[in-house]
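In order, the protein sequences belong to chains G and X.
According to the numbering used here, the first sequence holds residues 1 to 373 in order.
According to the numbering used here, the second sequence holds residues 1 to 131 in order.
Derived by calculation from the structure, the hints in this document are not laboratory data.
Just so it is clear, the structure is predicted and the values come from calculations on it, not from any experiment.
Glycine included, every Cβ here is placed at the ideal spot set by N, Cα and C.
In silico SDA-like pairs for lysine to any residue, Cα to Cα no more than 20 Å straight-line:
{"hint": "1", "chain 1": "G", "residue 1": "K131", "chain 2": "X", "residue 2": "D113"}
{"hint": "2", "chain 1": "X", "residue 1": "K33", "chain 2": "X", "residue 2": "Y17"}
{"hint": "3", "chain 1": "G", "residue 1": "K329", "chain 2": "X", "residue 2": "D14"}
{"hint": "4", "chain 1": "G", "residue 1": "K173", "chain 2": "X", "residue 2": "H122"}
{"hint": "5", "chain 1": "X", "residue 1": "K26", "chain 2": "G", "residue 2": "E177"}
{"hint": "6", "chain 1": "G", "residue 1": "K173", "chain 2": "X", "residue 2": "N27"}
{"hint": "7", "chain 1": "G", "residue 1": "K233", "chain 2": "G", "residue 2": "D253"}
{"hint": "8", "chain 1": "X", "residue 1": "K26", "chain 2": "X", "residue 2": "K127"}
{"hint": "9", "chain 1": "G", "residue 1": "K331", "chain 2": "X", "residue 2": "E62"}
{"hint": "10", "chain 1": "G", "residue 1": "K251", "chain 2": "G", "residue 2": "E362"}
{"hint": "11", "chain 1": "G", "residue 1": "K103", "chain 2": "X", "residue 2": "D113"}
{"hint": "12", "chain 1": "G", "residue 1": "K103", "chain 2": "X", "residue 2": "S85"}
{"hint": "13", "chain 1": "G", "residue 1": "K326", "chain 2": "X", "residue 2": "L18"}
{"hint": "14", "chain 1": "X", "residue 1": "K71", "chain 2": "X", "residue 2": "E40"}
{"hint": "15", "chain 1": "G", "residue 1": "K331", "chain 2": "G", "residue 2": "I165"}
{"hint": "16", "chain 1": "G", "residue 1": "K251", "chain 2": "G", "residue 2": "C291"}
{"hint": "17", "chain 1": "G", "residue 1": "K331", "chain 2": "G", "residue 2": "D321"}
{"hint": "18", "chain 1": "G", "residue 1": "K326", "chain 2": "X", "residue 2": "K43"}
{"hint": "19", "chain 1": "G", "residue 1": "K81", "chain 2": "G", "residue 2": "E48"}
{"hint": "20", "chain 1": "G", "residue 1": "K329", "chain 2": "X", "residue 2": "D13"}
Residues of chain G placed beyond 12 Å of chain X at every Cβ, according to the derived structure:
{"hint": "21", "residue": "I15"}
{"hint": "22", "residue": "P69"}
{"hint": "23", "residue": "D72"}
{"hint": "24", "residue": "V184"}
{"hint": "25", "residue": "D237"}
Label-pair distances were calculated between CB atoms; the ranges are:
{"hint": "26", "chain 1": "G", "residue 1": "E169", "chain 2": "X", "residue 2": "K5", "range": "23 to 33 Å"}
{"hint": "27", "chain 1": "G", "residue 1": "K115", "chain 2": "X", "residue 2": "K130", "range": "16 to 26 Å"}
{"hint": "28", "chain 1": "G", "residue 1": "T118", "chain 2": "X", "residue 2": "A39", "range": "35 to 45 Å"}
{"hint": "29", "chain 1": "G", "residue 1": "K317", "chain 2": "X", "residue 2": "E42", "range": "14 to 24 Å"}
{"hint": "30", "chain 1": "G", "residue 1": "E177", "chain 2": "X", "residue 2": "L7", "range": "17 to 27 Å"}
{"hint": "31", "chain 1": "X", "residue 1": "Q61", "chain 2": "G", "residue 2": "S216", "range": "30 to 40 Å"}
{"hint": "32", "chain 1": "G", "residue 1": "R106", "chain 2": "X", "residue 2": "A39", "range": "27 to 37 Å"}
{"hint": "33", "chain 1": "G", "residue 1": "E357", "chain 2": "X", "residue 2": "E4", "range": "45 to 55 Å"}
{"hint": "34", "chain 1": "G", "residue 1": "R106", "chain 2": "X", "residue 2": "L128", "range": "23 to 33 Å"}
{"hint": "35", "chain 1": "G", "residue 1": "L209", "chain 2": "X", "residue 2": "E62", "range": "20 to 30 Å"}
{"hint": "36", "chain 1": "X", "residue 1": "L128", "chain 2": "G", "residue 2": "K359", "range": "41 to 51 Å"}
{"hint": "37", "chain 1": "X", "residue 1": "A23", "chain 2": "G", "residue 2": "E78", "range": "37 to 47 Å"}
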Amino acid sequence: MATLHVLVVDDEPGIRSGVTRILGNYTVGYPFMDEDFDFHLIEAGTGEDAIDVLNSEPVDVVLLDNKLPGMDGIEVLEYIKQQNFDVAVMMITSYASLDLAIKATRNGAYNFMPKPFTPQELRASIENVAKHLFLKRMTRKMQEEGKQIRFQFLSVLSHELKSPINAVEGYLKMMQEKQFGDKVEDYDRMIDRSLTRLKGMRNLIMDLLDLTKIESGKKERKMRDVNLAEIAKMAMDTMEPYAIQRSVKMKLDVQGDPQLLADANEMEIVFNNLISNAVKYNKDGGKVQVCICDRGKDLEIKVSDNGIGMSEEDSDKIFQDFVRIKNSKTKEITGSGLGLSITRKMIEQYNGTIEVESKPDEGTTFTVSLPRL
Amino acid sequence: MSNEKKLILIADDDADYLFQMEAMVKNLGFRVKTAESQAEAEKVLETVKPDLAIFDLMMEQEDSGFILSYKAKRKYPDMPIILASAVTAETGYNFDLYNENDRDWIKADLYLDKGIRPDQLHREINKLLKL
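Let the sequences and hints guide you as you build the complete structure.
As C-alpha cells, this is what we get:
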C-alpha cells in the first residue's frame with residue numbers, strides 16, 4: 001500500500017473535515033499497478049498555512065480553493081509552480097471562469113472540481129489525480145532509466161477510453177432515472193449505442209495489445225514460410241458478414257508465389273487492418289480488390305477500394321497514432337485510430353514499406369512492399 | 001421576458017454525448033438545436049441566432065471550439081457561449097498550447113468541464129441568459 005499525502009486548502013472547516021472524512025478511509029487501485037493507494041490528509045485554512053505545510057512535509061496532491069482570506073488559490077498555485085514541487089493540484093471552486101481556468105491551467109493545475117461536490121465526485125476526481133500523478137512519476141522514472149514512453153500517447157489514450165465510458169454512463173443514468181419511459185423497449189437505442197461504444201473500446205484495447213507487442217519488441221516472432229494468399233483469404237472471411245451487409249464485393253488476385261518468411265500472426269494483423277478499412281470506408285455496392293504479386297526480391301500487397309477516399313492532406317496523417325479522419329462521410333464508422341499506425345510499424349519491422357494513394361469519392365489504394373528475407 | 005422557450009445550440013462530435021446533452025438541456029426547459037461538427041454549427045449560425053451556445057472544444061480540429069466561438073461572437077456579439085471540454089482533465093492538452101496572442105481571441109463566456117451535473121448546468125445557463 002502506498003500513501004498519497006493530500007493537502008486540503010480551504011477556509012471553510014466543514015469542507016476540510018468533509019474531505020478528510022471522505023478520503024480518510026478510501027483506497028484506489030488500478031489494473032496496471034501492483035499496489036493500491038490510500039490517503040493521508042493534511043488541512044490548511046489559508047494559503048499561507050498551505051505554503052508552510054508544503055515547505056515542511058511531503059505532499060502529493062493539493063486540493064485548493066481559490067477564494068481564501070489572505071493570498072488566494074492562484075497565488076498558492078504560482079508558488080507551487082515556482083518552487084517546482086512535485087504535486088498535482090486540483091482546484092476546488094464554485095465555477096471556474098474562463099480566465100481563472102486559463103490562469104490555473106497555465107500554472108499547472110491538473111483539474112477543477114466544482115463546489116458543492118458529492119463524496120462520489122470527490123472520490124472520482126481524486127482517483128483521476130492519483131492516476132495522473134502515478135503516470136507522471138512513472139514516465140519520469142522511465143525516462144530517467146532511459147526507457148521510452150510517450151506520455152502524450154497515454155493522455156490521448158485516456159481520452160479515447162474515457163469518451164465511451166462517459167457515453168455509457170450517461171445512458172445508464174438516463175435509464176436509472178427512467179427519463180424516457182418505464183418500458184425496456186423505450187431504451188433500445190441507448191442500449192444499442194452503449195453496446196457499440198463498448199465494442200469500440202474493446203477493439204481499442206485489442207489494437208493496443210498489438211501495438212504493445214510491437215513496441216516492447218519482446219514478443220518472440222515465429223518466422224516460418226507463410227502463404228500470404230491464405231492469410232488474405234482468412235482476413236476476407238472475417239470481414240465477409242459486414243461486407244455482405246453493405247453489399248461490398250471482395251476479390252483476391254494472386255500472381256506468382258505468395259510465400260514469405262514471416263510471422264503468421266503479424267501478417268494477419270496487416271491484412272485484417274487493410275481489408276477491414278477497405279470495407280469500412282467503402283460505399284454500399286462498392287468493391288475491394290486484394291492483390292498479392294510476386295515481384296522477385298519483394299512481395300507486393302495491394303488493397304484497393306472504390307470507396308469514399310480522402311484528401312491528400314488526410315492521407316499524410318493517417319499512419320499516426322489515434323488519427324481518424326472526421327467528416328460527414330466517416331461519422332458513422334467506428335475505429336480506434338490505431339489500425340494503420342500498427343500496420344505501418346509491423347511492416348517496418350520487416351524492412352518493408354507502405355504507401356497510400358487516394359482520391360475523395362473515388363477510392364483508396366494501399367501498397368505494401370515486403371522484401372523476401 | 002417573453003414566454004417563448006430560449007433556443008440553445010449544442011455542438012459536439014460525440015453523437016452520444018450530444019444526444020445526452022440535448023436531453024438534459026431540453027429537460028431544463030429549453031429548445032435545442034444540435035450540430036455534430038464545427039462545420040455544421042457554422043452552417044446553423046448562418047441562418048439561426050440561438051440565445052446561447054454550448055461548444056465542445058475538440059471536434060474536427062483540436063481547437064474547433066475556439067474557432068467556432070470566435071466566428072459566432074463576430075456574428076452575434078451578445079450571444080453567450082459556453083465551452084465544454086475535458087481538456088484539463090486529459091493531461092495532454094491544455095491552454096498552454098495557445099500563446100498569449102491567442103488568448104485574446106478565446107471568445108467564450110464560460111469554460112465548463114464535461115460531466116457537469118444538470119443542476120450546475122442550469123444555474124450557469126440561467127446566469128448567462130440573465131433569467
